[in-house]
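**Q** So the chains spell out like this:
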Amino acid sequence: MEEKKKIIQIKNVVKNFGDTVVLKGVSLDIYDNEFVTLLGPSGCGKTTLLRILGGFIDPSSGEVLFQGEDILKLPPYKRDINTVFQKYALFPHLNVYDNIAFGLKIKKTPKDVIDRKVRRMLKLVNLEEYGKRGITELSGGQQQRIAIARALVNEPAVLLLDEPLGALDLKLRKEMQIELKRIQQEVGITFIFVTHDQEEALTMSDKIVVMKGGEIQQVGSPTEIYNEPANEYVANFIGETNIIDGKIIDEHTVRFEDKNFPCDAAKSFAQNELVDVVIRPEDLDVVPREKGMLKGIVKFQIFKGVHYDTLVETRLGTSITVKMHVSEDKPVENKSAGEKISANSFYLDSEDVEELNDDRILDLAQAEAWNSETEEPVSIKSVESNIRKETGKYSVKFTTLAGTSITVDAHVVRANRQTSPVFQEEISAMEFFVKTDDIKDSMALDTDLKTWANAQAWSLEDGTDVAITDVKYDFDWENIEPGEYEITFATEGYQYKVSTTKALPDGTEVGLAFDPEDIHLMKKETIPG
Amino acid sequence: MRINKFRLMTYPYIGWIIVMIVVPMLLIGLYAFTVPGNDVASVKFSLDNFARFATDAVFLKVVGKSLWIAFLTTVVCILLGYPIAYIISKAKGNKSMILILLLTLPTWINMLVRTYAWMGILQEGGVFSSICAFFGFEGVSLLYTDFAVTLGMVYNFLPFMILQIHTSLAKMDNSLLEAASDLGANRVQSFLRVTLPLSLPGVVSGITLVFLPAVSSFFIPKLLGGGQYVLVGNVIESQFLTAGDWHFGSAISLIMAIIIIISMWLTRKIDVQPKKEN
Amino acid sequence: MNKTSKFWSIFSKTMMGLTLLFFYLPILYIIIFSFNGSKSLTRLDGFSLQWYEKMFADPVMMSSIGYTIAIALIATAVSTILGTFTAIGLSKSGKILRSSVERVNELPVMNPDIVTGISLLMLFSALAVSKGFMTMLLAHIMFCTPFVILSVMPKLRTLDPNLTDAALDLGATPFQAMTKVIIPQIKPSIIAGALIAFTMSFDDFVISYFVTGNGVQNISILVYTMSKRINPSINALSTLVIVIITISLIAVNLIPLIKRKAFDKEK
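Residue numbers (my numbering), protein chains in the order written: chain A, 1 to 529; chain Z, 1001 to 1278; chain W, 2001 to 2267.
In case anyone wonders, no lab produced these hints; they're calculated from the structure.
Take these hints with a grain of salt, some might be off.
Residues from chain W shown here face chain Z by an in silico Cβ test under 8 Å; the list is partial [unchecked claim]:
id, residue
1, Leu2025
2, Ile2027
3, Phe2056
4, Val2060
5, Ser2119
6, Leu2120
7, Leu2121
8, Thr2212
9, Val2216
10, Ser2233
Footprint (simulated), chain W over chain A, 3 or more residues, beta carbon under 8 Å [as the list claims (entries may be wrong)]:
id, segment
11, 99 to 107
12, 348 to 359
13, 469 to 479
Pulled a few chain Z residues facing chain W out of the computed Cβ check, cut under 10 Å [stated by the list, open to error]:
id, residue
14, Ala1054
15, Thr1055
16, Asp1056
17, Leu1060
18, Met1097
19, Leu1103
20, Cys1132
21, Gly1136
Ideal Cβ positions, reconstructed from N, Cα and C, are used throughout, including at glycine.
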């Protein structure tokens, strides 16, 4: 294959705005007739790099060579590079024809030549009849095409495109992706395209440059980037995927989820090296449970037109089970004052006693008082209790201004916690009392159960909160009877995203299977600092 | 590095504002803190001008009166301006635009000319006293009174207040009021709890636009208050154009500027406070 | 409900009626009395044009009209050009430069006119410039330009900054980008700024009063000095001012409308 010509060489380009470093020394070669995509989230420096190429900002240091010559000294209007701007930047005071002709008129091109070229461009972007239209009369997709035509008519050697499809809706975006690729192939020049959409990058590009935090993470063809991501960041950014902690056993084996699996990629890593294991959702097969290399249950499925995005949980998260005491207690009525009052007995962590105040007690007991006739709430004026730090049963009395009162029990107990060494998490919850009506009237039962049980989970590594994603119980909340029930709270466990064409009801027990060549391995990302 | 050619375009104006705005402002400061010497070169730093001002009851009284008239004008402008702005903002379709146009039209016409017209209306035998005479009060002349001066100021500055309040009312999202009534507020409640607090910024900028020219005005008191009617502006004018004591005049201007800055600052504080409480 | 809305309708109609009467009464008064048959400012004695005749015969009045219009036109032209260029330059400059110029630029707008007036008076005498037409013109340019900048700046801010970049990208020099792309976009704001500058200059009294000399008077100064004696010619002069301002307002608002109509017809 013949050697391609380097058209742009970016050498160690640094850019900082005040104290923030936007580009941390980027080097990149771009070849003739390439469709190059700069891919990354907002703030990764991709647009800044593009604007440096266009000549709209100067780098703080570094070199940019265009066809072998330094172009940093050249203003934008002297560069053989044109740009399609974000939101197009079409001139609203000019019509379609004059927008496209703008650059040629500036160069004092003869009128007949302008006319010919503009017509050819309109034809290229399939908008031949639109020359006389005003810019505001065009749809987003049409404006997009005009912006491309306006840049291409100047016959640049390189076309820069700054998130040009960002403002279009999904269907149009798909159409324009194909259209853009066609135009690039037809005019045969280099396109440098900036986007945050990985799918867009994968469909259109010859070469993808993945960026993050002002640095290039990986440069490669779409298949290289997709199949051999350089690190966890690229793997995650390029598509939905499963990343699991693993360890190399020998050159054919990797261990994860406490099991050894054959793996082709293991040979390029050292024995006992810790790695990130990547398995793509489409490489996972759903099989009967007994044939599965991993076993789990279906959490939920979302239909995506052709396939189902399925979430399979192979290992439950950290969980804790507590008792719920359900009673049918009626509120206490004070006929002379025309008031009713209600409250529940409650459990309380002995460690929390010190921070206890009246408001907290009112919350824990869910104490409420109201006017019997109007149902208007009445405020509770006094809370009398003898709660102490020692475990045991204490009594609490709530009284309104009119003297309506109720007494409930407060059980001070030791904390009820479960620790998970696998996930390095801890979860806690308390036994609690409720009334049947509380459950029947609940608008968001899972959230209410969490509140009543004061269920919390946190990471043992850094103390941050961990979400409780699962609340399990087996009663029919609409027809609940007084009695004792068990409630289980759990955090999220190991879950695999699987794409499958089979419809599987939630809770189905399944097995997961995969081939040795579908296990991709990446170096563990070292967290700087 | 390439030179930002656009920045070059600002240089002529920067030079211009230094000569025409910054230097003149500094001159006021220079004059205010000096007293004339025997010749121009021997001006001396001094606080005499301020001392003279602070010890002379006449000047303090003038400042007090100027503040009082400006305050009165501002209050009247709020009391009249708010309902007017509210009515306009509730008018349907084109009507509110036409009303705003009708209110702004007179402001384009020379203030002096319009103030002069009030002289004829208010003087004895004029339109106003004819109306009074009709009700049996003969020979009423309002010209050359506090009332006339305040009326002149309200007349000149009320449109500013109306426009400011109207802008803040007009840009208010109608769905906020719908939300308020959806949440159970009646008309009065949603006015007091939603419309009024949201339009307060408009009232505050209206106060700025009314109080500031009112406190410094000197031709309105001269025309409608008469030759003997003296507010701060008149004192400054006479120091510069008849008494010829520029040092003292500059000191008074500086004092006036400080009073204005303090009152603006107080007004903004009032605006900010309720927000902080919430 | 019905009762309150009926009350509200009557209340708002009365209120608006009285407000409009309040604002237009002095203007009507001036116009009516400019045609008065006698010298009285309170009693109408038939129709006459004598005050207009007197006005046109009075060289002081005529020269004040001349000065006012000449200064307003020159000050508007200069401040519009200066203000527009500065605003465009500022919109492309760094934050520090922009905000400090904007800060100083606001001083003449925020300062009481009388303070601006005396500060300029001191400047001119410090520079030993003799007061007259020139000083008044400079002062007018000084207080008009900030209004042009304040009128143009917000529109510039809403412009897509990529428009300028796009023009440069397509080969336009910065100057071409300004004349071919930026100015056409902000034209309405420039016209609005020019209109504000014109009426500010045309109506100014306080600043002009302090910086003028050598018998150069604009209409406002003339009305102020003449108002001490009864002189119905002032009414005629004022009516003229009202007519000029009204015509220029109508012209500015109608010309684009007529243009568009003509354009539509062409289509």
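**Q** Hey, does the Ala1054(Z) contact hint survive, CB to chain W under 10 Å?
**A** The hint is violated - Ala1054(Z) has no Cβ within 10 Å of chain W, the shortest such distance being about 20 Å.
**Q** With 8 Å as the cut and Cβ atoms as the points, is Thr2212(W) at the interface with chain Z?
**A** violated (11 Å)
**Q** Holds or violated: is the Cβ of Val2216(W) closer than 8 Å to a Cβ in chain Z?
**A** violated (15 Å)
**Q** Quick check on the hint: Leu2121(W) CB to chain Z CB, less than 8 Å?
**A** Hint on Leu2121(W): holds, closest Cβ of chain Z at ~6 Å, below 8 Å.
**Q** For the hint on Met1097(Z), does the least C-beta distance to chain W fall short of 10 Å?
**A** violated (12 Å)
**Q** Holds or violated: is the Cβ of Leu1103(Z) closer than 10 Å to a Cβ in chain W?
**A** holds (7 Å)
**Q** Under 8 Å is the threshold here; is the Cβ of Ser2119(W) close enough to any Cβ of chain Z for the hint to stand?
**A** Holds. Min distance 3 Å.
**Q** Going by Cβ atoms only, is Cys1132(Z) closer than 10 Å to chain W?
**A** violated (13 Å)
**Q** Per the CB criterion, is Leu2025(W) less than 8 Å away from chain Z?
**A** holds (7 Å)
**Q** With 10 Å as the cut and Cβ atoms as the points, is Asp1056(Z) at the interface with chain W?
**A** violated (20 Å)
**Q** Can you tell me if the segment 99 to 107 of chain A counts as covered by chain W, using C-beta to C-beta distances under 8 Å and a minimum of three residues?
**A** holds (count 4)
**Q** Count residues of the segment 348 to 359 of chain A with a Cβ under 8 Å from any Cβ of chain W, then say if the count reaches three.
**A** violated (count 0)
Figure legend: structure checked against the earlier numbered hints; hints not met, in rising order: 3, 4, 8, 9, 10, 12, 13, 14, 15, 16, 17, 18, 20, 21.
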